[in-house]
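Participant: Chains A, B, C and D are the protein sequences, given in the same order. The first sequence: position 150 = 150 (the numbering used here), numbered continuously. The second sequence: position 18 = 18 (the numbering used here), numbered continuously. The third sequence: position 115 = 115 (the numbering used here), numbered continuously. The fourth sequence: position 152 = 152 (the numbering used here), numbered continuously.
These are computed hints drawn from the structure, not numbers from a lab. Computed from a predicted model, the values in this text were never measured in an experiment. Heads up, some of the hints might be wrong.
The following label-pair restraints were derived from C-beta to C-beta distances [stated by the list, open to error]:
1) D/Arg314 / B/Ile294: 51 to 61 Å
2) D/Gly65 / B/Gln126: 35 to 45 Å
3) C/Asp38 / B/Ala307: 47 to 57 Å
4) D/Gly15 / A/Ile21: 43 to 53 Å
5) A/Thr96 / B/Gly170: 49 to 59 Å
6) B/Leu167 / A/Ser297: 37 to 47 Å
7) D/Ala72 / A/Trp300: 37 to 47 Å
C-beta: ideal position from N, C-alpha, C; glycine also.
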Amino acid sequence: MAPALRVRPARFRDLTLVPVIVLLLVVGAFLDPTFLTAGNLTNVLQQQAAISLLVLAEAMILIAGKFDLSLESTVGTAPAIAVMLIIPVSAGGFGTGLPGTLVIPLALLVGAAIGAINGLLIIRFQLSAFIVTLAMLIVVHGFLQGPTEGKTLFQLPESILYLGSALWLGLPAAVWIAGLLFAAGGFALGYLRGGRALYAIGGNADAARAAGIRVDRVLWAVFILGGTLAALAGILETGRLGAIGNNQGVGWIFMVFAAAVIGGVSMDGGKGTILGALTGVLVIGLVQNILTLIGVSGFWQPVIYGAIILIALMISRIAGGKAQD
Amino acid sequence: MAPALRVRPARFRDLTLVPVIVLLLVVGAFLDPTFLTAGNLTNVLQQQAAISLLVLAEAMILIAGKFDLSLESTVGTAPAIAVMLIIPVSAGGFGTGLPGTLVIPLALLVGAAIGAINGLLIIRFQLSAFIVTLAMLIVVHGFLQGPTEGKTLFQLPESILYLGSALWLGLPAAVWIAGLLFAAGGFALGYLRGGRALYAIGGNADAARAAGIRVDRVLWAVFILGGTLAALAGILETGRLGAIGNNQGVGWIFMVFAAAVIGGVSMDGGKGTILGALTGVLVIGLVQNILTLIGVSGFWQPVIYGAIILIALMISRIAGGKAQD
Amino acid sequence: GGGHGGTKIGIDHPRADSDFWNSYIKYVPQMADELKIDLMPATNSQNDVAKLVNNVQALIGQGAKVIIMAPQDTGAVANTLQQLENKKVPVVTVDTRPDKGKVYMVVRADNRAYGTKACEFLGEKLGGKGKVVQLQGALSSINGRDRSEAFLTCMKTKFPGITVFSEPTEWEGSKAASMLQTRLEQNPDIKGIYMHAGGVHLAPTLQVLKQKGLLVPAGDPKHIAVVSNDGIPQEYAAIRKGDIDATVSQPADLYAKYALFYAKAAADGKTFKPGPTDHGSTIIKLPNGLEDQLPAPLVTKDNVDDKGLWGNQAG
Amino acid sequence: MNPHVAARNVVKRFGPTTALDRAGIEIAEGETRALVGRNGAGKSTLVSILTGLLRPDQGEVLFSGEPAPPIADRDAWRQRVACVYQHSTIIPALSVAENLFLNRQPGRGGLIRWRALRGSARELLDTYEVDVDAQALAGDLTVEQRQLVEIACALSFGARFIILDEPTARLDGPAIERLFARMRSLREQGVTMLYISHHLDEVYEICQSVTVFRDARHIVTSPVAGLPHDELVAAMTGEATVAYTSRSRTPGGTVVLSGEGLSLAGRYQDVGLTVRSGEVVGLAGSASSGKVGLAETLVGLHKADSGTVTVNGRRLRPGDVPAALRAGLGWVPQDRHREGFVPRLSVGENATFPIARKLGRYGLVSPSRRRAKGEELIESLDIKTEGADQPVGDLSGGNAQKVVFARALVDDPVVLVVINPTAGVDVKAKQALLGAVEDAVERGAGAVVVSDELDDLRICDRVLVMFHGRVVKDVPRGWTDHELVAVMEGMEE
Ligand SMILES: Nc1ncnc2c1ncn2[C@@H]1O[C@H](COP(=O)(O)OP(=O)(O)OP(=O)(O)O)[C@@H](O)[C@H]1O
Ligand SMILES: Nc1ncnc2c1ncn2[C@@H]1O[C@H](COP(=O)(O)OP(=O)(O)OP(=O)(O)O)[C@@H](O)[C@H]1O
Ligand SMILES: [Mg+2]
Ligand SMILES: [Mg+2]
C-alpha cells in the first residue's frame, strides 16, 4: 500500500509472503484435489473473514506503536451484549425489549466503548498498553460469561445472522466486507493524512507531536476503531456459527499477532502495511485448510502448524533482508 | 535489589506493589478467617512457586529486551519428555529404558534445549522474538501432545515427584527453591557483571556492544536459563500434581506477563527488578486465593480479577510517577 | 464428621464455559436444598487442574469434610487425592474417573457408551456404508478421548464399510465450523455427523449445513444424519424440527443429585457395594474406589418429549 | 616509524550509498588530528571502522603497524581506542556511575562493589568537572550533561588513542573550554587523538593537523598552519566559499509573536518577549539559563504555569503544538532525534507533515504532490539524499537536521523558532540553514534563534540574554563575542 511509482526494493517488503502463498497453493493442489477448487478457496476466505478483521485492527494499532490484546474478547462480548439487550429474559436476555434491528449498531457501539476504555486507560492514564489490554481481555470476557452464566446464546435476532451467512454475488458477504475493509484500510494507511499519522506516531511519537499531529486523538481513534472492527468480526462470526458460544473469539489473539507479524507488521511500531497483514492472514488460513484437508493427526497438528509459521517467518526474513524486531 | 545506601526515590519503584500487598492482606483477613492462617499463606506460596519461576525467567528475558512466550509450553513438555525417556512403553514411554535418577537432569536439559532453539532463531537468524516464541509455544506443546496422544502421564519416576511435594523445615520444598532462586536472581541482576549486562543490553544494545558486552552470548545465556527455569517450574508442578496432564502450563504465560509488568518490569527492556517481579507474583497469588476463599461466582471472577490487576497497575503508576511503556 | 446436615461439603466446579456444565452448576444448589446439605460456596477451576488443586486446598482450609470435584484432567489430581486420603476426606468425583488416588464414589455416565451409541445409531442409519465426520472435543480431555475411541472402535468392528473423518475441534465452535465446511467440500458425499458436544457444535454444524443446502429433513436423499451429545434443550428442539436425528443425553441433573447424595452418605459414614442401585444404575468396582454408572439415554424423535429428560426441565 | 593509527584504502557501502571510497587516515603517536568534511562525507563511518563497530568492505586498519584485532574481540579494541560517538551510547535506565563503568565495574569474579563504583564515578566526574550526581539515572540528564558523561567515560579508559566525534555540538562555551583543557593535558601525556567537528575555529585551536574528507574520499591532510580557513572550507566543499555575512533589514511593525508574563517552575520566571515581522530575535544564555525551556513553551511543547503566548495575533492554548503550527509557527527542536523526525519515514513525508492537509482534499495526501514538494525542499536546502523517498534514518546527522528545517519552513511560517539550529551541521550547511532563516524573515516572518553558538546569533537583530531563568539584557546588533559572553556568564549587571 505504500505510495510509489518508482520501483524501490523497500516497497516489496510487503510482499515477502507472496512466494509462501504461491508455495502453499502449489503444495496444497498437489496434496489434495479439492484444494484448488473455487468452493474450497471460498471456504478458506470465509473462514478467515472474521479473524482478518482483527488482524486489520491489530495491524493499525501495532503500526501506531500500541498494543491490544482485548480484541479477542470483544469478538464474543460485543455481539452477545447486543443480543442480550434485545432477546427476552426467557432466552437469556436482559429483558430491555429493544427492537431487533438495533442489534448490529448496538454490537458495534459496545466494541467502540471497549476500545474507548482501552484508550482512556492507555492514553489518558498512561498505563502500559500490554497489561491494560491483558486485563481488559479478562474483564471483557467476564462480561460475556457473567450475564450468560456460561450458556451459549442460541436464540438470536435474524439481523445479526445475516452478514455472517449471506451470499452476495456468489461470495459470502463476510468475504466482501473483509475485502472492502482491507482495501479501505490499505488506502487509508497509504494515502490519508490520518493513516500516515499512524506511521509517524508509531515511528516517533514525540516527532509526530512536534510536527503538529494530534497524537492522542489519533490513538483514541485507532483504539475505538479497533474495538469496532472486533465487534464487526464478532457479528460475522456469530452469523457463521449461528450462536454465540461462551468462548467465541477466545484464543484468537495469538493467531492475530502471528498473522500480522509474519505479514511484516513490527511489534515496535511504525512499520508494516495492511497488504502485508493480509498476506499473513492468507498464509495462516491456507495452512489451516491444508492441514484439515490432509487430515494430519490432531495430536501432531500443532507441531506442523508452528513449524510452518517459523518457515514463513524465515522466508520473509530472507526476502526482506533486514533483521526483525 | 537495587544497590543503594542513600535513600533515593527511584529505588522505591520496585516496591510500589507493597501497599497493594498490604491492602490485600488486610482485605483478605477481613473477608475470610482462614486467609491469614499460616496454612493458607503457605498454600498461596506453594501454589505460586512454579509460576513464579516462569516470572523470574520472563523478567530476566524482558529486562534484556527480549520476549519469550514459549516458556509456558516448556512447563509441560520438558518433564513429560524426560519422563517418557524413562518409563516403559506400557506406561506411555519411549522404551529407551534410561534410569529414573536421570529424570530431573533430562528435564532441565530439554528446557535448556528449547531455550537454545529460541536463541538460535532469535539471535542467530535475527527473527522477531515475539513470533518465534509464539510459534515455539505451539510447537513445543505439540511435542507433549504428539507422543502422549493427549493422555496424562501418571506413572512417574519417584525422583521427579520429590521436589514438588517434599516439605523442608515445615515449608514446601518448592517454596524454598523458588525463594532461593529469586534471591539468586536478585543478587545476580543487582551485583554481578553478567546480570547488569542484561540491563545494558535491554536499555541500549548498541551501546552495550560498544562497551564490550558480548551481547549475543548474554542473550543466548538468558534464553537457555529461561528454558531451564521453565523446566524446573514443570518439575515442581509435576511433583505438586503427581502427574503430567496434557495442558500443564497452558495459559500461564498471560499471568506471567501480568505479574512481571505490574511488578514494574518494562516490556521495552532495560527496566525492572527481580524483587519487583516477585511482588507481582504475590499480588496475583493473593488475589486468586482471596477470590477462591470468598467463593465469588466463577462467571464473574474474571471481571473482578481483571479489575484488580488494573487497580494494581494504577497504584504502581501513581506510586512510580512515570508513564509506563 | 457429624452424622447430619452440619457436615461441611465442599464442591469444585470444573468449568463454566459449556452448557452442560452450566446446567449441572444450576442443579447443584437445587439438589442440595432437597437433600438438606450444608454446601460451602462452590469454587470453579475453569478447566485447569492447577486451579482445581488450589481450590481444594482452600476448601479444606475452610473446613470441608467431604469434597465433590470433576477433574477434567484425570491424572494430575493423583497427589491431591492422596493428600485428601491422608486427611481422611472422602472424595466424590463427577463425570471423570481419576486414574490414581482413592475415591469414595465416581458419579459418571459411561462416555465410551456415548460413542458406541452414536456409532450404532449412525451405522444403522447409513446402512453400514458411506462417510461420516466426527467433531471431536479436546483430545486432552478424557471424555473427548473416550467418546472418540469408542466411536472409532465401534465403527471399525461393526461397520467396516464406513469411513470416519475425525476433526479435533478443541471444543471450539469456530474450529468445528471450519473443519466441517472444509471436509464437506472435499467429500460432498458425507452422510453422517457425530458431534461430541451439542453445546458448542450444534449451532455451527446447522449453520454449515444450511449454507450448503444440506439441512433437509430425514428421508430426503440429501439428508445428513446428525447425532449430538449432551442433551441440552436446543438439541431437542433441533430433533423436533428434524434438523438433527439424535443426541445422547448426559444426565446433568443426576450428576448433581447423586454427587451430593454420595457426599452426604460419605459424611454419614455409609458404605456401598457393587451392584444395581435403587435408581436404575449400577455400581461397579474400580481399583481405587467405586463408580455409579448412571444411565445416559439416546434421545431421538421417538422419545424427545419424555418429561424425565433433564433437558426438558431446564429453563 | 609506523603511524600510531592507520586506516588504508577503506571502502564501506550501505546499500546503494558508498560511505567511504578508498579513504584512509594515518595519525602519528601523540598527534591531535582533526577530521573535517561536510555532512555525510563519511567521518562517522570511519570512526565506526576505527573503533571496530563496523567491518570495512575493503581496506585495513592498523594500530602501531599491527593489524587490528578481530571484530568480535571488543576488549582488544577498547584497549587500543576509546571513543565519544556522535550517537548517544548512554543507557537511560542505568545510573550515571554504572554508565561510566559499564562492563568494567570494580569488583572481583564478576561481583560488583557498588560503593567502590560510586566512589570511582564521583572521582571521575570531579576530575572532568562534570556537575552531575553519580547516582542519577542517566535518562534524567539533559542532553549536555549526557554528552559530558560520555566524554568523561571515553577519556577515563586510559587508551592511547581517543576519538571524539563532534563532542562540542551540544556543549556551551565554558564546557568546551574545560574539554579543551583536558585534551591538552592528554596530549602532553602523549595520547593520540582524532577530533571531529564542524567548528573550524576549534580545529585551529586544538588540533595540530587536519584531514579533509569529501564525498567519501580523502582529499587532503595538512598541518593546520598550512591550511588557512578559506582553503580548508574550499577543500571541504570543493569550491571557493566566502564566509557567511548576515544581512541587515528593518523589522516591520506588526508583532507576530509575543510571550507575556511567562513562568515555569524550575525553568524560567516572569519572562516576556515580542518579535516583529521581519525581525530575528536571539535567545542566549549559558547552561540552565532557561532559554530552551522558554522557546519550547513558545511552540507549545510545555504548558507555562502562568502567562500567555500569542502567535500572529492569536492567543494559543498552552501546551498545544498543533495549535501553534496552525497559527503559523514553524520550529526546529533542540534534539532532532527526539522530536525532529520519524526515522523510518521518507524525507518527503517528514518534511511535509505540517502541510499534509494542503497536499490533497478530503484527508487525502497525494504521494506525487508530496514527492514534488519534498524534491523542492531537498533542492532549496541542498539536502544530500538519494531522493524524497529515502528514509530520514539513513541520512547523516547534518542532513537529517536539514530535513527538520525543511519541516519548519514548509508551511511558510509567520514565526520561526529554531533551537540550536546548526548543531552538528557542516559549514556550508550552516550557511544554508542560517540563510533559510533570513530568507523566511525577509518574506515577512519573525524568528527566534536559540543557540549556544555565537555564529548563529550573529544573524539576530537583537539578542535577549537569559541568566538563571530571567531575561537580563536585550543586546542590539553589533556586539562583540566578548561582550555577549560576559553577559551570558552573568558577569555584567
Ligand atoms: N547505517 C547506515 N545505513 C545506510 N546509510 C548509512 C548508514 N550510516 C551512514 N550511512 C550513509 O553513509 C554516508 C556517510 O555517513 P557518515 O555518518 O559517516 O557521515 P558524517 O561525515 O559523519 O556526517 P555528519 O557530519 O553529518 O555526522 C551518508 O551518506 C550516510 O547517509
Ligand atoms: N525535561 C526537563 N525536566 C526537568 N528539568 C529540566 C528539563 N530540561 C531541562 N531542565 C532543567 O531546567 C533548567 C533550565 O533548562 P533549559 O534547558 O531551559 O536551559 P538552557 O538555557 O537551555 O540550558 P542549556 O544551555 O544547558 O541547554 C536547567 O536546570 C535544566 O537542567
Ligand atoms: Mg557523523
Ligand atoms: Mg539546553
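Participant: Next step is simple, just say for each hint if it's right about the structure.
Facilitator: Right, here's what the structure says about each hint:
no. : hint                            : result
1   : D/Arg314 / B/Ile294: 51 to 61 Å : 58 Å, holds
2   : D/Gly65 / B/Gln126: 35 to 45 Å  : 36 Å, holds
3   : C/Asp38 / B/Ala307: 47 to 57 Å  : 31 Å, violated
4   : D/Gly15 / A/Ile21: 43 to 53 Å   : 27 Å, violated
5   : A/Thr96 / B/Gly170: 49 to 59 Å  : 57 Å, holds
6   : B/Leu167 / A/Ser297: 37 to 47 Å : 42 Å, holds
7   : D/Ala72 / A/Trp300: 37 to 47 Å  : 40 Å, holds
Checked against the numbered hints above, the structure violates hints 3, 4; every other hint is satisfied.
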